[in-house]
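Line by line, the protein sequences give chains A and B. The first sequence begins at 26 in this note's numbering and counts up by one. The second sequence begins at 4 in this note's numbering and counts up by one.
Just so you know, the hints here were simulated from the structure itself, not pulled from any lab data. For every residue, glycine included, the Cβ atom is placed at its ideal position computed from N, Cα and C. Any given hint could be a false lead.
[Stated by the list, open to error] Chain B residues, not near chain A, derived (Cβ > 10 Å throughout):
(1) Pro133
(2) Thr407
(3) Val412
[As the list claims (entries may be wrong)] In silico contact screen, one side only, chain B against chain A (beta carbon under 7 Å); selected entries:
(4) Arg118
(5) Asp258
(6) Ala261
(7) Asn265
(8) Gly268
[To be verified] Facing chain B, according to a computed beta carbon distance under 7 Å, are these residues of chain A, among others:
(9) Gly64
(10) Val66
(11) Gly70
(12) Glu74
(13) Arg75
(14) Gly100
(15) Arg102
(16) Ala106
(17) Gln228
(18) Asn229
(19) Asp240
(20) Pro245
(21) Thr250
(22) Val313
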Amino acid sequence: MASPRRAAVVGANRIPFARSNGAYARASNQDMLTAALDGLVARFGLTEERMGEVVAGAVLKHSRDFNLTREAVLGSRLSAATPTYDVQQACGTGLEAAILIANKIALGQLEVGIAGGVDTTSDAPIAVNDDLREVLLEANRAKSTAGIVKALAGLRPGQLVPEIPANREPRTGMAMGEHAAITAAHWGIERTAQDELTARSHQNLAKAYDAGFFDDLMTPFLGLTKDNNLRADSTAEKLGKLKPVFFPAGGDKTEATMTAGNSTPLTDGAATVLLASDEWAAERGLPVLAHIVDAETAAVDYVHGDEGLLMAPAYAVPRMLERNGLTLQDFDFYEIHEAFASTVLATLAAWESPQFCKERLGLDAPLGSIDREKLNVHGSSLAAGHPFAATGARIVPTLAKILHENGGGRGLISICAAGGQGVVAILEA
Amino acid sequence: MSHDWYSDFVNSGFGRAVAGNVGLPPVPKLRRWEPGQPLLSGAALLGTATADGRVAKIVRAVLADAGVEVHEDPAAPIGGGSSSSKVAAAIVDATGLSSPRDLAAIQQFLTPVMRRVGPSGRILVIGDVPAQAERPAVRAARRSLEGLVRSAAKEARYGATVNLVHVADGAENDIESTLRFFLSSRSAFVDGQRLDVGTVPGYAGSSAGTDWDHPITGKVAVVTGAARGIGRTVAQTLARDGATVVAVDIPAAGDALAHTANDVGGTALQLDITGAGAGEAILEHCRRHGGVDIVVHNAGITRDKLLANQDTDRWNSVIDVNLNAQLAINDVLLASGDDDGFHRGGRIVTVSSMAGIAGNRGQTSYGASKAGVIGLVEATAPLLADKDATINAVAPGFIETAMTAAMPVGTREAGRRLSSLTQGGLPVDVAETIAWFAQGASYAINGQVLRVDGQNYLGA
């Protein structure tokens, strides 16, 4: 089979990320995704242009937003003739959307497309609880007034308690942070290492802002010009003073390591990335920052098996490396999504572990360690925040621009997702 | 923008009667340009001061091309009307004056004209450049025109304007875009002003084939400070006239900037123009359009303080944005290649201010920066001539913007009424002047500073 062409990362736009119930408390997913799209349109002069496709999604979604991306495009300055679809792969959504667009570009089915993601934990959907829903649906199905009255007679005060979406795994009832705490304890990830990684994320992101790195990746929204979770003066010492908030179930509470500082906060925001064929970019005199080379997804059994909820990337990366004849050390930059500082460290520890690599990955030798100076060099989710579906569309252009400014190179993206899934990709410039 | 309630009042039926009885100044509604509008809304009168006039011919040709009916006797009836029926414009070829005695011919022509020029009418006097005259009597006569024009502008009513154009020796065929600007409603708020054409030697260009409804079609125009205010209107006006616009503003204004860019179908460049490499960043962005033809240095800030309370950080921030950034970007433009850089025949237009000419209390830093812009224009003009390019400045007076809306009522009303047109200008008035400087057809206009201020009495 002839090798298909590679999709180019041309540029991007996102809005600054905002801590939950803050600057974007009254903004909807559609508002934010539309704003991110319009900023992208402005940056690249796409007014009234028809994109091959726009693919985006949100993790927390109102039922009315079944066509979220299409509605956002219709409200944007893009041509209304731009087709769209929504995807949802938890925290992997943004990266998966980019992979979907990139694959169609690679196959020649698209010349240009936009991938994106958006999430709000402020404007979250609240549903009526299941008991009430059943009563109301029964009443709706009733054919006579008497039937309606009979159905509604089933109403009870307790049914008025709404269902608010929670950051919990449906099959374990445990918060993601609790899962991560088990993994951290399993791998013996120390508190100081987590706090150091967190401080570096903040410091790196702050430096990137100062250098103007985001000037062509971001457009202000609702008065915010920077991610407002960023603490430029963050240090491991300051972070070390925070109390733990996530505990491994049944574990020793005094040995808990995960705090609100070294875990990502709930965040609102949207991100988009413009992908195209080299020809499309060249015709418009637009730069190619990097190419999407390959991608892989993986899932682990965290319910019945004993693998950690957020460890799937540890499985996805070696599969992708083998397919591409690469080692873990063959990268100039690594972008490992910081769901929790401990998640990044546990993933790196797993790749360094001969036992894990042999027993779980079936490898003769461990993948080994990486040069930590190449990791998340302009900060990641601990500093920027993590609007679930938007994160992948933040990371892809960030890495692409890092590679471009480096004058070339290869970068690895690794994103863990709820449900025990992981999405990873390779970019080259 | 602050609403002009006074204008509403004196233009209402009741208000007009009251104003007439108690002597309140009227506020004429100015005719403004829109695509497809005829050059003039009626006939024109053309007078010649001497038999040696050298511009009447080109004026006649331009008016004929624009379909304007031309008459020569300022006292004769026009069409089916009387000898007092209105005309839309009067043009005086005042070239070839040999002594101040020749001025009487101009007086004789203009005296009946003053009562015949209709609402938003145009009186345009075209003379020789005084500095190009050696004999004192000739130079005195040429220089007299400026006093005549500035005084007549203060007498003209109903939004009519009076302006003066100096045409350098040999430049008489290079004034078409200038004629069209001053006669059309694009110059609505330009009054009592003087402009020199052809005074920087070595210029080259042509107005042949210009689509006067879209005179900058196909050009790429950079506008700094385009997120809001006058800059946003400049972007819209340049796009209306046919240009592809690159809208530039600081990253913090990026959301408003994106609005501007998307409104005009252009692109947004978030950039701090005071940063190192700003000029290169602009050129880099413009490479996608194959280079840049027009650069409008509109970005500007005020950090007003009485000089007695001034501090150096505030001072420097104003000088850096309003002046140093322009100098640095111009250096990059001048050094760039014709192919994908600042194109041959390019145009730089910068924004000075009435404060830079007349000074303003509390604005020593702003006034210094805006006066500096004039020096920048004067010194850069001959450098650009080698590239067949030009640089000119517009000096806005009282323009209705968010900035003037924030003024105290007394200051705002004084700013509006103490001018020949008794009102504030609109951002589009500044933009129209910039768009005219930006035209390829304005190739002979270089090193000029034109006030767009309705002949404001401050520092006139």
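Against which earlier hints does the structure fall short, listed by number upward?
4, 12, 13, 14, 16, 17, 18 and 22
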